[in-house]
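Knowing the structure of chain A, use the given hints to seat chain B on it.
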Amino acid sequence: MSPIIQLNGIARHFQVGEQRVKALDHIDLTIEQGGYMAVMGPSGSGKSTLLNMIGLLDRPTAGEYLLNGHETTALSDDEQATVRREQIGFVFQFFHLVPRLSARENIELPMLLAGIDPTERHQRANKLLTDYRITDRADHRPDQLSGGQRQRVAIARATVMQPKIILADEPTGNLDRSNGHEVMEIIEQLNREGITLIMVTHDPELGARAHEQIRIVDGQITEHLRR
Amino acid sequence: MTLIDTLHYTLTTFRAHRLRLSLMLLATAIGVASVVILTSLGEGARNYVINEFSSMGSNLIIVFPGKAETTGALPPVVGEAPNDLTIDDAMALKRILGITHIAPINIGSAPIDWRRRERETTIIGGNHALATIQNIELAEGEFLPDIDPRKTSPVAVIGAKIREDLFGNQPALGEWIRIEDYRFRVIGVTRSAGTAMGINRDEIVIIPVASAQQLFNTPSLFRILIHTRNRENIEQVRDDTVAMITKRHDGEEDVTVITQDAVLSAFDRILGALTMTVAGIASVSLLVAGVLIMNVMLISVSQRRGEIGLLKAVGASSRQILWLFISEAALLSLLGGLIGIALGIGVSELLAQLYPTLPIAPPGWVIGAALSICLGSGILFGVLPAKHAARLDPVTALARR
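As they're listed, the protein sequences go chains A and B.
Sequential numbering from 1 applies to the first sequence in this note's numbering.
Sequential numbering from 1 applies to the second sequence in this note's numbering.
By construction, these hints were calculated from the structure, which means they are not laboratory data.
Be a bit skeptical, because a hint or two may be false.
Unchecked claim - Pairwise CB distance ranges (calculated): (1) VAL21(A) / LEU384(B): 23 to 33 Å; (2) ALA62(A) / THR2(B): 33 to 43 Å; (3) ILE4(B) / GLN123(A): 17 to 27 Å; (4) ARG59(A) / THR277(B): 47 to 57 Å; (5) ILE4(B) / ASP139(A): 18 to 28 Å; (6) ARG59(A) / GLY376(B): 34 to 44 Å; (7) SER2(A) / LEU384(B): 39 to 49 Å.
The structure displayed is predicted, hence computed values, not measured ones.
Ideal Cβ placement from N, Cα and C applies to all residues, glycine included.
Next up, chain A with everything else stripped away, as it sits in the complex (with noise of 0.2 Å):
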């Protein structure tokens, strides 16, 4: 299989102050196209840092990023866009919903960012809301669902572009275990099904799930695990 995702002495540093905190540090890894990592460390360690990379929202300090073999880093901030629009998938600990919208709503906003019409935009998003089971909640707004139903929101919202990739930071760390364990099936499900998952968890009984597994410390990588 081919490389989706190929890191060569990323760093990141941020000005803290009169310090130079170097948040990742010289990070060199591959990740295989419908890969599963887990990425563990301490707090603090650099691990988000590198999710943020990964998906874009950062832009490293030194380093090349080869996404699907193309260098991300020289990219504009309208291309850069586009490609996380298009092939990432970002599922956080706080979900991230819009309050004011509908969970629909909120499925549906990054096909309106991308301009899809409404038509497609509630097929897919009427998909999505029974294969995750909360069509019932659909025109409910996020402080009326559940931390489950909420979860299950923001995965269709990655979901919902048919991406390549999805990040997830602490998926389950705002769960409940019955809830928190539904949510890593439906995670789960999207990488067999070939989507290339990689998931920030301090949770080594989640970590020990994944196919590798990789530990962060002072943003290097210490420890780098394969099933």
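Same frame as chain A, but now just chain B:
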């Protein structure tokens, strides 16, 4: 992102923040309404003055004795009084082509009485043509006869108010009134007409101009009013009049001749400028509303950091975010503007009802102007918050809950 989707998305933010929305709409609406109301008042004043002048009569030329000059030279050492403007001067003007009516005028104040009822009033010396030139309509009797203006005649036409004051319910026509030492027979009563040029037309007595000269013991005229056949030849008649009187006064140009159009357009310009000034002052409140919109939009951007970060994560470019926030500001000011215009028109209507003499109505251009200024300031003041939103770093925006 299509326009309809942008609008729909913006409307969801409005729905979510109703109080904030209504306060911003209120501020904008007050600004726009004050522009509309103040220009309505200005236009009302302008139209009022123009109507006043129009009731003087149209196609009018006025000849004054004396030359209004503003030169820097010292006054002549030997004072040279200008020639009097006389009835003969007025008669001579009849030879000028394009003149239809000429009215030599004298004016003064004198006590009048009838059977020991006495009052002081304005006496106007005129002739038959005066009625046509000044649009004087009669309620009773007839106007001054068409006689040689050099001849005196003991007849008088009295104003509606004078008739009421002196005669009450008793018949006035044919009665003899006394003005100073002269007696005049009332031959006509004017229809109530209100004020024109500061003279209440209902409180005057019109007698033949020669009689007035006798009464006031003067050989000169106060004015000569000229009515021309049409508007087009008014300037030509003016020049001919100046030339004719200059020739008669031994080559000295000692009269001032103005046309009603010139006076009208001068007032029109002055009051038009006044309206613009007032509108300008009112638009300051629009500016204030713009600053308020900017302020509230900035707060809104910082409150919606999470949303902005998310929009970026799901594929919005900085340009789309910019566009989204600018359209929010634009839509906001447009709505406020429309409300303000409705409010402004409503208040203007109300004022027009309260002060029926003033023709208060918002001029058509102000609607468009107020709306575009409002929209313009909304967009202008929306740019800064929108840029803030677009520049927001998605990582930090998403890091907070």
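Going down the list of hints, with the structure as the test:
no.: 1; hint: VAL21(A) / LEU384(B): 23 to 33 Å; in the structure: holds (31 Å)
no.: 2; hint: ALA62(A) / THR2(B): 33 to 43 Å; in the structure: holds (40 Å)
no.: 3; hint: ILE4(B) / GLN123(A): 17 to 27 Å; in the structure: holds (18 Å)
no.: 4; hint: ARG59(A) / THR277(B): 47 to 57 Å; in the structure: holds (53 Å)
no.: 5; hint: ILE4(B) / ASP139(A): 18 to 28 Å; in the structure: holds (20 Å)
no.: 6; hint: ARG59(A) / GLY376(B): 34 to 44 Å; in the structure: holds (36 Å)
no.: 7; hint: SER2(A) / LEU384(B): 39 to 49 Å; in the structure: holds (46 Å)
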